[in-house]
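S.K.: These protein sequence lines map, in sequence, to chains A and B.
Counting in my numbering, the first sequence runs from 1 upward without gaps.
Counting in my numbering, the second sequence runs from 1 upward without gaps.
Heads up, a few of these hints could be off.
Given that identical chains are not distinguished, each listed pair holds provided it fits within a single copy or across any two copies.
[Stated by the list, open to error] Okay, derived cross-link-like pairs now, DSBU-like style, lysine-lysine, Cα gap no bigger than 30 angstroms in a straight line:
{"hint": "1", "residue 1": "K163", "residue 2": "K101"}
{"hint": "2", "residue 1": "K301", "residue 2": "K102"}
{"hint": "3", "residue 1": "K120", "residue 2": "K286"}
{"hint": "4", "residue 1": "K5", "residue 2": "K230"}
Everything labelled a hint here was simulated from the structure, so no lab data went into it.
This one's a predicted model, so the numbers in the text were calculated from it and none came from an experiment.
These are the residues of each chain, in order.
2 protein chains.
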Amino acid sequence: MTALKNDRFLRALLKQPVDVTPVWMMRQAGRYLPEYRASRAHAGDFMSLCMNPEFACEVTMQPLDRYPQLDAAILFSDILTIPDAMGQGLYFETGEGPRFKKVVSTLADIEALPIPDPHKDLGYVMDAVSTIRRELNGRVPLIGFSGSPWTLATYMVEGGSSKDFRKTKAMLYDNPQAMHLLLDKLAQSVTSYLNGQIMAGAQAVQIFDTWGGNLSAAAYQEFSLAYMRKIVSGLIREHEGRKVPVIMFTKGGGLWLESIADAGADALGLDWTCDIGEARRRVGSKVALQGNMDPTVLYAKPEAIRTEVGRILASYGKGSGHVFNLGHGITPEVDPEHAGAFLRAVHELSAQYHE
Amino acid sequence: MTALKNDRFLRALLKQPVDVTPVWMMRQAGRYLPEYRASRAHAGDFMSLCMNPEFACEVTMQPLDRYPQLDAAILFSDILTIPDAMGQGLYFETGEGPRFKKVVSTLADIEALPIPDPHKDLGYVMDAVSTIRRELNGRVPLIGFSGSPWTLATYMVEGGSSKDFRKTKAMLYDNPQAMHLLLDKLAQSVTSYLNGQIMAGAQAVQIFDTWGGNLSAAAYQEFSLAYMRKIVSGLIREHEGRKVPVIMFTKGGGLWLESIADAGADALGLDWTCDIGEARRRVGSKVALQGNMDPTVLYAKPEAIRTEVGRILASYGKGSGHVFNLGHGITPEVDPEHAGAFLRAVHELSAQYHE
């Protein structure tokens, strides 16, 4: 394996000293980039893209080629590969969110779900990881990822996206045993999926709990966090002679940071509603923090973006343990020049906070 | 004025002893009720309904007639009456959210906005309040309401509903002076609008900050909470020889409860992501709390609804200062029988927490 030329992302996740605050953007390989849209236009429907390791590698590299400031690459893939591998039949209609051909409604549906084998059933993801890792050639670390069990369960029970998760929540409250069985199967699946990605070359992994923040405080503990804790306890934490940091990101989880920090991850992702300095005071002795600029700030002018970056850096304060990011994914209508201004501001303005 | 036959809602907001925990539901006069849908079908488009005091009174009374457990009535009206009275041209397309004919984009647009006079420009709301109050005849108290300045501003700048408030946030970050002028005009408008409702007979008022929780922690303080504080300081707090309690509800504001509790309201509304016992420990010495069952629990069976009501009551614990409610509005697909089971459970299970 080639030595890493830039490891400040991994160092910050482990709270080791860095020269400047590392930065990447959730959904950095995406529709806001004209080069991504051009690749997409050539390549066909969305799942075919995810299933093609060469394409996944091509679009993963695009933001790195455009923005030399990026300190990490993230696997290009979909969040719903696991339910698809369980036989739910993921598809996308143009202009719509993801849909499943099968919907999980009953205990019998859940009992019938297989646990996917990452190499047999999700080999295309493992191939994408190893292809990207080879192509990166030590430039920056590669992040692998998965959705959280609760987040995956919402899509499987609703049959796609949802505004209020009414079917999933009705199952949770009416039939908690069935929900627990579903989440347990998903936790097993995510664990072996992420371990597969690590063995294929992912140097850090992130669990995206996109919809955990929509649960009540009590339901979050029982139906989302408990399963992420289980996953983390089953992950390979060292590979190629180096720690493999785990980032746990519950969007809307700011109220529960103390308990999330106790769940075994190395770092917590923060959305933008949480003041990062306050978050550091609450949990900073246990974990690193990743975030947390409101992605819509990228619609403002570069000077305003720079001001907001400065405010967040000042709130975090001196020392390592901060990976700069947006509080959620970058959106398709953002001007790529604004994303560049954001990334430059992070490196330029953060040097003063490191020795 | 007729004496109030049931004042436990007002008493709980002021932390005075009650026999059982009072309860009402946000959006209790709404599409989940067949009698509401029948009235709607007769009456024409949505804004015509809001502008007709007889209709507003009719639908306000419907849930009270169906559910004897309801401890408060809330004015039936739209959240966007103020921007409409400012000349923005509110309209609704079937199956769509609210839209405005005019959009606020520039400082000049904002400078041109008038401050509506509640009696001249929003007289239909004042008439609805006095009509409903007369019809209630002391049965339960009547709640008046308004959207918060920030929430109203998002609709005015976006021209309607939005997923990410990109135009409003771009204005906030690029042109904070313009945004402050808009919010200041809205705060003045909301203050006189709510005072008009109080003088017309509203016995408590609620400020709905539906979109404040989408702001960063710093932006929330400066662009939402500051203006709600200003409103509260200008409200009539006593009328007809009785205190007029003010409820402040920021959906997604659980992280900021301490500062919201300092803003001068008598009670805070809580969405369902916040544990109410924890919220009480954080701010309960200053304010009463209203909430906070996840509205999707109403999709579960009555036994599960009852369990969740019991869990929330136990979390709040003994003593007054709790008004039971959902954490957001009841949704159109809920079975009215389930809403009834919810309301009964609150009264039945809460007696043990009061002397």
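S.K.: Checked against the structure, which of the hints given earlier come out wrong?
M.R.: Those not satisfied are hints 3, 4.
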